[in-house]
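Working from the sequences, and respecting the hints, build out all of it.
Line by line, the protein sequences give chains A and B. Under my numbering, think of the first position of the first sequence as 1, with each following residue one higher. Under my numbering, think of the first position of the second sequence as 1, with each following residue one higher.
FYI, nobody ran anything at the bench for these hints, they're computed from the structure. Just so you know, nobody snuck in bad clues.
No more than 30 Å apart at the CA atoms, straight line, and that leaves these computed lysine-lysine pairs for DSSO-like: (1) A/LYS11 to B/LYS97; (2) B/LYS102 to A/LYS15; (3) B/LYS97 to A/LYS44.
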Amino acid sequence: EAGVAQSPRYKIIEKRQSVAFWCNPISGHATLYWYQQILGQGPKLLIQFQNNGVVDDSQLPKDRFSAERLKGVDSTLKIQPAKLEDSAVYLCASSSTLGTQYFGPGTRLTVL
Amino acid sequence: GIQVEQSPPDLILQEGANSTLRCNFSDSVNNLQWFHQNPWGQLINLFYIPSGTKQNGRLSATTVATERYSLLYISSSQTTDSGVYFCAGPYEGSNYKLTFGKGTLLTVNP
Numbered sequence: 001e002a003g004v005a006q007s008p009r010y011k012i013i014e015k016r017q018s019v020a021f022w023c024n025p026i027s028g029h030a031t032l033y034w035y036q037q038i039l040g041q042g043p044k045l046l047i048q049f050q051n052n053g054v055v056d057d058s059q060l061p062k063d064r065f066s067a068e069r070l071k072g073v074d075s076t077l078k079i080q081p082a083k084l085e086d087s088a089v090y091l092c093a094s095s096s097t098l099g100t101q102y103f104g105p106g107t108r109l110t111v112l
Numbered sequence: 001g002i003q004v005e006q007s008p009p010d011l012i013l014q015e016g017a018n019s020t021l022r023c024n025f026s027d028s029v030n031n032l033q034w035f036h037q038n039p040w041g042q043l044i045n046l047f048y049i050p051s052g053t054k055q056n057g058r059l060s061a062t063t064v065a066t067e068r069y070s071l072l073y074i075s076s077s078q079t080t081d082s083g084v085y086f087c088a089g090p091y092e093g094s095n096y097k098l099t100f101g102k103g104t105l106l107t108v109n110p
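Now the structure itself:
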């Protein structure tokens, strides 16, 4: 069984630029999550999708972050414009039920 | 929201030693999970353990839900066990939004 795929693995941008991350969950998993992990901390949930609907986005900075999950499969997370404090690893996870979550390798974002 | 406290924050072991990691929650928790983040950043789910005890090889976990804590045991540690161990759990009614602790950084020296 293929795992959760993410791209790119690394991204370096200047502040105020835009960036997008892509995630392909495990086949058949209805629930998809985006997390932000700042160095030295545990992951923090940004947004949770159930199929293509948003279940929770209470911690998503909506003035600059957006996410979509068209057709209930792949998902894209966008930051526009980026700030220095957005430097972090962005993790995507998926689950078949509201239980065990499987994580992708993450995208390491550096904002200069 | 729920508070998740992990201890110890750092742990250094010699290969072959045993260790116990602890996770305390401020509120009732179901669907508690333990994860290992390897030095390359990959998060691996170790246990899904809302209550009771589970074992997987050299690792085992126990959750006492009524007392709001969980323990992760690592026996005969190996250098490949190095990394950060996180516990995480939602509280009831949260749509299973995982709240992570700050983790325990484990270093196993040869």
